[in-house]
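Same order as they appear, the protein sequences are chains D and H. Take the first sequence: its letters are residues 1 to 113, numbered as in our numbering. Take the second sequence: its letters are residues 1 to 113, numbered as in our numbering.
Calculated from the structure, these hints are not laboratory results. There's no promise every hint is true.
Said to hold, decoys possible - Computed from the model, here is a short list of chain D residues facing chain H with C-beta under 7 Å: (1) Gly42; (2) Leu43; (3) Glu52; (4) Asn56; (5) Gly58; (6) Leu90; (7) Ala102; (8) Phe104; (9) Gly105; (10) Gln106.
Where a beta carbon is used, it is the ideal one built from N, C-alpha and C, also for glycine.
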Amino acid sequence: KAGVTQTPRYLIKTRGQQVTLSCSPISGHRSVSWYQQTPGQGLQFLFEYFSETQRNKGNFPGRFSGRQFSNSRSEMNVSTLELGDSALYLCASSWDRGRTEAFFGQGTRLTVV
Amino acid sequence: AQSVTQLGSHVSVSEGALVLLRCNYSSSVPPYLFWYVQYPNQGLQLLLKYTTGATLVKGINGFEAEFKKSETSFHLTKPSAHMSDAAEYFCAVSVTGGFKTIFGAGTRLFVKA
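With these hints in hand, go ahead and build the complete structure from the sequences.
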């Protein structure tokens, strides 16, 4: 079956702009989590959605937001981009929250200039 | 609260040598434990997982890990390193009902010819 799909793979934005990233989970998975990965901070948890509701949130400013649709697809949005938002954004889906392994997409590489 | 500590941000081994990547966790309840591998510009891929039962867990690519409750450890090993094992490895923990997976900071494995 198809894996987790993230689009786009690469993105270049200017400071102050906003961006929307998309994630399509594995069919049947209802939990979608987002992570930010940078060389300095490593893998940091952004938020998790389950059945269209945000269930967990990491320690990120309100500029970072997300949502999940009824088909479990998820989007995350970053407004007023800053240079420090440059990172690899990873989406992961799982069937059962926390009790089974997460399946990761290949990520979206966001560069803010 | 759960936490994961990976000892050593970088580990270097010679091809054919033993690989040992260390992971210690903290959890007040029985944990689920995972090891993931990440190749450059890719998402994370599950290597192996421990949920219940046998404490020695075998994964893909010849890796295995042993859950030691008394030592709160879940170290990853491979008897003989291959050049293709060069990647970053992440240990992760989640708990029943916790609904969140916590990742360690990662260990980058270098394999010398």
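Tested hints:
1. A hinted interface residue such as Gly42(D) counts as satisfied when its beta carbon comes closer than 7 Å to some beta carbon of chain H; here the least separation is about 5 Å, so the hint holds.
2. Nearest Cβ of chain H to the Cβ of Leu43(D): about 5 Å, under the 7 Å cut. The hint holds.
3. Because the smallest distance between the Cβ of Glu52(D) and any Cβ of chain H comes to about 15 Å, over 7 Å, the interface hint for this residue is violated.
4. Satisfaction of the interface hint for Asn56(D) is found here, the shortest Cβ-Cβ separation to chain H being roughly 5 Å, below the 7 Å cut-off.
5. Against a cut-off of 7 Å between C-beta atoms, the interface hint on Gly58(D) is violated, since the closest Cβ of chain H lies about 9 Å away.
6. Hint status for Leu90(D) relative to chain H: holds, with the closest Cβ pair at about 6 Å, below 7 Å.
7. Taken as an interface hint, Ala102(D) checks out: its beta carbon lies about 6 Å from the nearest beta carbon of chain H, inside 7 Å.
8. Below 7 Å, beta-carbon pairs count as interface contacts, and Phe104(D) has one with chain H at about 3 Å; its hint therefore holds.
9. Satisfaction of the interface hint for Gly105(D) is found here, the shortest Cβ-Cβ separation to chain H being roughly 5 Å, below the 7 Å cut-off.
10. Below 7 Å, beta-carbon pairs count as interface contacts, and Gln106(D) has one with chain H at about 5 Å; its hint therefore holds.
Checked against the numbered hints given earlier, the structure breaks hints 3 and 5 and satisfies all the rest.
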